[in-house]
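Enquirer: Chains A and B supply the protein sequences, listed in that same order. Quick note, our numbering runs 1398 ahead of the 1-based positions in the first sequence. Quick note, our numbering runs 1398 ahead of the 1-based positions in the second sequence.
Note that these hints are calculated values from the structure, not bench results. Given the structure is predicted, the values throughout are model-derived calculations rather than measurements. Please note: incorrect hints may appear among the correct ones.
Copies of the same chain look alike in the list, so a pair counts if it works inside one copy or between any two.
Calculated cross-link-like contacts (lysine to aspartate or glutamate; reagent style EDC-like; alpha-carbon spacing at most 20 Å) [claimed, not checked]: (1) K1433 with E1420; (2) K1735 with E1502; (3) K1645 with E1707; (4) K1414 with E1506; (5) K1433 with D1516; (6) K1645 with D1723; (7) K1735 with E1494; (8) K1414 with E1503; (9) K1692 with E1616; (10) K1692 with E1615; (11) K1414 with D1516; (12) K1414 with E1502.
There are 2 protein chains.
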Amino acid sequence: MNEFDFIERLRRHAEKRASAPELVRGIGDDAAVIKQFSGRDTVISADLLIENIDFRLEVNPPRLLGHKVLAVSLSDIAAMGARPRWAMLSLGVPQEVWETNFVEEFYEGFFGLADRYDVRLIGGDLSRTGEKVVVDSVVLGECASGESVSRFGARPGDCLFVTGALGGSAAGLRLLERGASLGSHEADAADIHAIQDLLMRHLRPEPRVGWGLVLGEEHLATAMIDISDGLSSDVHHLCHESNVGVKIQSASIPADPLVAGLSGRRALDPLMLALNGGEDFELLFAVSPDNISKLPTRVDGVAVTEIGEVKPAAAGILLSEGSRDWDLQPEGWMHFK
Amino acid sequence: MNEFDFIERLRRHAEKRASAPELVRGIGDDAAVIKQFSGRDTVISADLLIENIDFRLEVNPPRLLGHKVLAVSLSDIAAMGARPRWAMLSLGVPQEVWETNFVEEFYEGFFGLADRYDVRLIGGDLSRTGEKVVVDSVVLGECASGESVSRFGARPGDCLFVTGALGGSAAGLRLLERGASLGSHEADAADIHAIQDLLMRHLRPEPRVGWGLVLGEEHLATAMIDISDGLSSDVHHLCHESNVGVKIQSASIPADPLVAGLSGRRALDPLMLALNGGEDFELLFAVSPDNISKLPTRVDGVAVTEIGEVKPAAAGILLSEGSRDWDLQPEGWMHFK
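For reference, chain A alone in the conformation it holds in the complex (with noise of 0.2 Å):
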């Protein structure tokens, strides 16, 4: 059984428990949705980081770790089209850690992002743990009542858009793997600056809470979830809840023109991670054709780009490339196959 099964599992169990009128979404989406009755919703995402799966103290600084957990959670509340406004933060570190400048230099980065989106830390929990770092990050955020953005509400002849570029964050991983460091210089000259600026967009990711409010409170989507696993897998969870196919033109793919800039032993795939590399944490989004031309062109200096049609389920969920469609496997990132 996979993860995704075992929480298919989970939800089925926890729905046939006694009805709560004011659960709007439970299990099954980025984030639960909570009805307040005074007009507002409150949305809620938790993100469970755990060192040497989805992280190395080796090759994520503390300060970069703090901006990058609470980053996670904030393009969880962003593709519910919220406003994130709460964190909470549980996190274990072993004695020896503690006794380093890590917990402090950590809370700099958390802090530094929540500021600038106004996310106060109201609580949490700090444990020693016996080996490993291990990071909860669960944010709340708010919406005006009925009009969060779930995944289950994408229709046949939907556009599906997705916001920025993909792949950059896997091959900023690759290259880490391959040795580079943040602040390295040893690369050719010509590299330097992709390097470290696709190094940023594995270490320091930046969730798009301006477009997720955009769409959420202008009812601009349909249905939304954000690339965290990766496009093949997401879109894969999006068509699932909403009960659709999908055609998406391998062309028209947003691959981070950073990657297809490599070269030499360096050179990577990126329509491969585009598709598969996950932790891109943009946005993933269908839309009404009535309503494209409302969508703004840039937000927070970020575009977007259709990459494709929604189609009935029994489509499938198909990648075209020129005049041949093959079915997209979901081939991104998943804790237990």
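Since the structure of chain A is provided, determine the placement of chain B on it from the hints.
Expert: Just chain B, lined up with the frame of chain A:
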């Protein structure tokens, strides 16, 4: 720097941020409190539990562990005088544990307790870890606006109460460390039931949800905390937040009678465990003298005991034995010293 000093620093750091009028209570209590503009407040708590620090797979059966991680959070919500409503659970397990029935049994225990209190699992995260199991349990509760019970409202002259009996959980842990196990019958016949009951006090604690609701909804407690670290430490937390002192009568402390009943090589010190043992998840609370007569005798079969009196801060935190008063040192659990 110990963990409480660090949390105090985080709290000052967070409080320097832009003011947030909806934030009733942030870092520094059993749970944070957010005003919802609808006559209700949301109360939210997080508890991080780490394998081999907070539990051991050899001694904590998965079903009881699933119960316990939720119980710990329900206890926090009870200590705020609030009603638990929603749970988020982040669970990290290594591949080899994933392949056993651990996860299934863990959730069975979790749902067993959740159903008793109509708490609904609405989200969380599931992750692979390298070696150890980690759990972060987040519970959201609610109470009437402004009616949550904090740690900071105790006043000199209030009487100090505790629910149930203390020290049983720590005794159960000691017995486990000395080789006792659930269902084992190697002990003398007279001790078998006491030992099994003490093991269950540790492995399957009962949160005082009913007492929390009564004390909160009927405005009977001026301040409250749950006893997770141990009475000696938790009374310090309560006094620090309320800026008061306290005198506890040693003879009044409801040490678990099962502990006093142990004999021979299993004998333990009931008073020491009641003071410093931790994980009892009983409620410690202050009551104005006018309200003592309004306290129910029992809630859900559990009685309360008056153990001392709140004093001005200058009086210190004292344990009174006969005619002598001692400074009560916080000797309970601390992750980092």
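Enquirer: Could you run down the list of hints and mark each one as holding or not?
Expert: Going down the list of hints, with the structure as the test:
1. Both within a single protomer and between protomers do K1433 and E1420 lie at most 20 Å apart by alpha-carbon distance, with minima of 5 Å and 17 Å respectively.
2. Taking the shortest alpha-carbon separations for K1735 and E1502, only the inter-copy value of 16 Å comes in at or below 20 Å, while the best intra-copy value is 36 Å.
3. In this homomeric assembly, K1645 and E1707 come within 20 Å of each other (Cα to Cα) only inside a single copy, at 5 Å, whereas the closest approach across copies is 71 Å.
4. Taking CA atoms no more than 20 Å apart as the test, K1414 paired with E1506 passes between copies only; the shortest distance there is 14 Å, against 43 Å inside one copy.
5. For a Cα distance limit of 20 Å, the shortest separation of K1433 from D1516 across copies, 17 Å, qualifies, whereas the shortest one inside one copy, 22 Å, does not.
6. With identical chains, the CA atoms of K1645 and D1723 are at most 20 Å apart within one copy only, with a shortest distance of 8 Å there and 78 Å across copies.
7. Proximity of K1735 and E1494 under a CA criterion of 20 Å is satisfied inter-copy only: 12 Å between copies versus 33 Å inside one chain copy.
8. For the homomeric pair K1414 and E1503, the shortest alpha-carbon distance between copies (18 Å) is at most 20 Å, but the shortest distance inside one copy (44 Å) is not.
9. In this homomeric assembly, K1692 and E1616 come within 20 Å of each other (Cα to Cα) only inside a single copy, at 9 Å, whereas the closest approach across copies is 53 Å.
10. Taking the shortest alpha-carbon separations for K1692 and E1615, only the intra-copy value of 13 Å comes in at or below 20 Å, while the best inter-copy value is 49 Å.
11. With identical chains, the CA atoms of K1414 and D1516 are at most 20 Å apart between copies only, with a shortest distance of 12 Å across copies and 37 Å within one.
12. For the homomeric pair K1414 and E1502, the shortest alpha-carbon distance between copies (16 Å) is at most 20 Å, but the shortest distance inside one copy (44 Å) is not.
Consistency note: the structure conflicts with none of the earlier hints.
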